[in-house]
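Asks: Residue numbers (the numbering used here), protein chains in the order written: chain A, 1 to 336; chain B, 1001 to 1336.
For the record, the hints were derived by calculation from the structure and aren't laboratory data.
Certain hints may be false.
Straight-line alpha carbon distances no greater than 30 angstroms define the calculated DSSO-like cross-link-like pairs of lysine-lysine that follow [what the hints assert, rightly or not]:
#	chain 1	residue 1	chain 2	residue 2
1	B	Lys-1312	B	Lys-1221
2	B	Lys-1155	A	Lys-312
3	A	Lys-155	B	Lys-1267
4	A	Lys-267	A	Lys-312
5	A	Lys-192	A	Lys-155
6	A	Lys-267	A	Lys-192
Residues of chain B placed beyond 12 angstroms of chain A at every Cβ, according to the derived structure [to be verified]:
#	residue
7	Arg-1031
8	Gly-1153
9	Met-1242
10	Leu-1273
11	Gln-1291
12	Ala-1316
13	Ala-1317
14	Ala-1333
From the three backbone atoms N, C-alpha and C, an ideal C-beta is built for every residue, glycine too.
Protein chains: 2
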Amino acid sequence: MTDTRTLTLSEIEDLSLRALMAAGTSEANARPLAAATAATEADGVASHGLAYIPIYCEHVQCGKVDGQATPIVSQPRPGVVKVDAATGFAHAAIDAGFDRLIPLAREQGIAALAITNSYNCGVLGYHTYRLAQAGLLGLGFTNAPASIAPSGGSKPVVGTNPFSIAAPGSDGQPAVLIDQSASTIAKSEVMKHAREGKPIPEGWALDADGNPTTDPEIGLKGSMAPSGGYKGVGIALLTEMMAAAMTGATLGIHASPFSGTAGGPPKTGQMFLAIDPGATSDGAFAQRMTQLVEAIHTQDGAHLPGDGRGAKRLAAAENGVAVNTATLARIDAILG
Amino acid sequence: MTDTRTLTLSEIEDLSLRALMAAGTSEANARPLAAATAATEADGVASHGLAYIPIYCEHVQCGKVDGQATPIVSQPRPGVVKVDAATGFAHAAIDAGFDRLIPLAREQGIAALAITNSYNCGVLGYHTYRLAQAGLLGLGFTNAPASIAPSGGSKPVVGTNPFSIAAPGSDGQPAVLIDQSASTIAKSEVMKHAREGKPIPEGWALDADGNPTTDPEIGLKGSMAPSGGYKGVGIALLTEMMAAAMTGATLGIHASPFSGTAGGPPKTGQMFLAIDPGATSDGAFAQRMTQLVEAIHTQDGAHLPGDGRGAKRLAAAENGVAVNTATLARIDAILG
């Protein structure tokens, strides 16, 4: 059993905000990250919630992130918003970009947000979710340091690079929210097994020669297995092109690690596309989504990614979230 | 050994054009389909080349496609082109849409093309390739009759639904072209095994209860296995939302089959997004793509999807393509 303490969502948000600011983050940069941290805990994704706050703080202190950065927003074409995150937190850059992207997508029917000089954006689906809440279909892409090898090769060239799509629903909740990485399993799972000295199942990672391994340490020195073989590599390339090549951000092969303190800012990128279903579907979108979701939910045992998220959020808002006390102790140490 | 005869690419195009018109297709609708057929043969994708012409002709004759249709183009918002394919061939609808999409994407930075009341568009990457030739990053989605079951279920709700991305290169050829379906293997491969009475490898298809099967007939009555499990379902949903829900086209659960003569027009959809890298990347795109492609090509044995396509096309243009004589006999019968 892990020792836990139950915190309300606003306590989680406040604690995150204070820790980030104590580490040298401006309030403007800390606020969106603190809000995302509380929402992530509400969704039950503890690995990307409060547990990340000490890492973010360390990264501000070592210069991997500029806690005082001001994102620079521009609009090079009628349908394109560009944000230079200036090596600050991705969340503040995304917030600044969404302020322009959302009205633009409604007006133009479609708009793109290209973010460069950025950082790990946490749970990608948190951001596309917000586009769906605004009544838009949101597509998101974010690249990461290389950890997946190309087909026929063994040296990593692309990250576990997730994509996300969120389709608006009828009640301000997304009808469908997909957020999936290109690898069979999250790299953080392999790192967790390495920390705990446990073997990993075959199919999660490969050694430096591209052979299967059950040793997490060897896997971390090799590469992550792409989901579905070459098609997983295809997804990682899709995201690498959208989030890095198309934004001018740093490729995964050149990016500094997201973990640890070495290498300076990763300067990776994000791309978000927002499309107004009212512009493209002649009003048929909501009915089609209802039919699609029903065809799944009327099957015994069948489910969609993200099912049950709504109930989980409601419960978290009412009862709070049980948080690991070791994490809380690490945050208390930052607050001094 | 299969009996073959070697035809030049223009002979393939001309033969396709004449057969389609003999079956009742207007010249305007037949031309883009004939050009795509020759290009597909040049790429070595024989399954979607001339072999499809007798099927297309049969579909015109049985009313699954309206050979005389005129696509209706509109522009509901500054960044969105809409085409009602009017149950005609997808190729003519895509052509009509691209004429507006390409200049619009350059002007706006990003533009969308939503096609409804459409049909099987053949090789999806053929179309995104053309966007890359125009210097744009092309994303494509096309939905198909349901054949993949949701996670936890066993009844198909989404098609093998491919997506494609084509990134422009320096010489009019795409730097990278990805075109992959959501299933482990193409449904046509399972159908081929069924015709030949051969068992299929485990992992290709599932029976009506969702269990693995090596019997292609049972697999065709069950569902296609998604690539990488639930992540393949995620890709199929991504494409279903983009190509059908977002365009107002018919969902895979309601679409008539692409094969056979029953059920009338499938009325499925396509979505294409075109983005100008010059608008989003501050001029860094070409260099990033070069670095990404080089990181792959400098590894022994590593390759990108579509590698060797250029050489294959050149050889086909010079030496022609060996075509199955049984296919040619079927086309001759249409020409009468």
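Asks: Now tell me, hint by hint, if it's right for this structure.
Replies: Structure-based check of each hint:
Of the supplied pair hints, the one linking B/Lys-1312 and B/Lys-1221 is violated, its CA atoms being roughly 36 angstroms apart against a limit of 30 angstroms. This hinted pair checks out: B/Lys-1155 and A/Lys-312 have alpha carbons roughly 27 angstroms apart, not beyond 30 angstroms. Only pairs whose Cα atoms come within 30 angstroms are accepted, and A/Lys-155 paired with B/Lys-1267 is rejected, the gap being roughly 44 angstroms. Between A/Lys-267 and A/Lys-312, the direct Cα distance comes to roughly 34 angstroms. Violation of the 30 angstroms bound is thereby established for this hinted pair.
Taking the CA atoms of A/Lys-192 and A/Lys-155, the gap is about 22 angstroms. The hint holds against a cut of 30 angstroms. Proximity of A/Lys-267 to A/Lys-192 is assessed by CA-CA distance (about 25 angstroms); at most 30 angstroms being required, the pair is judged to hold. Here B/Arg-1031 stays apart from chain A, with its beta-carbon at least about 27 angstroms from theirs, past the 12 angstroms limit. With a cut of 12 angstroms on Cβ distances, B/Gly-1153 falls inside the contact zone with chain A, its closest approach being about 3 angstroms.
Under the 12 angstroms C-beta cut-off, the non-interface status given to B/Met-1242 relative to chain A is violated; the minimum distance is some 8 angstroms. The Cβ of B/Leu-1273 sits about 7 angstroms from the closest Cβ of chain A, inside the 12 angstroms cut-off, so the non-interface label is violated. Some Cβ of chain A comes within 12 angstroms of the Cβ of B/Gln-1291; the nearest lies about 6 angstroms off, and the non-interface call is violated. With a least beta-carbon separation of about 24 angstroms from chain A, B/Ala-1316 lies farther than 12 angstroms from that chain, consistent with its non-interface assignment.
Interface exclusion of B/Ala-1317 from chain A stands, the closest Cβ pair being 27 angstroms apart, more than 12 angstroms. No Cβ of chain A comes within 12 angstroms of the Cβ of B/Ala-1333; the nearest lies about 38 angstroms off, and the non-interface call holds.
In this structure, the hints that do not hold are numbers 1, 3, 4, 8, 9, 10, 11, in rising order.
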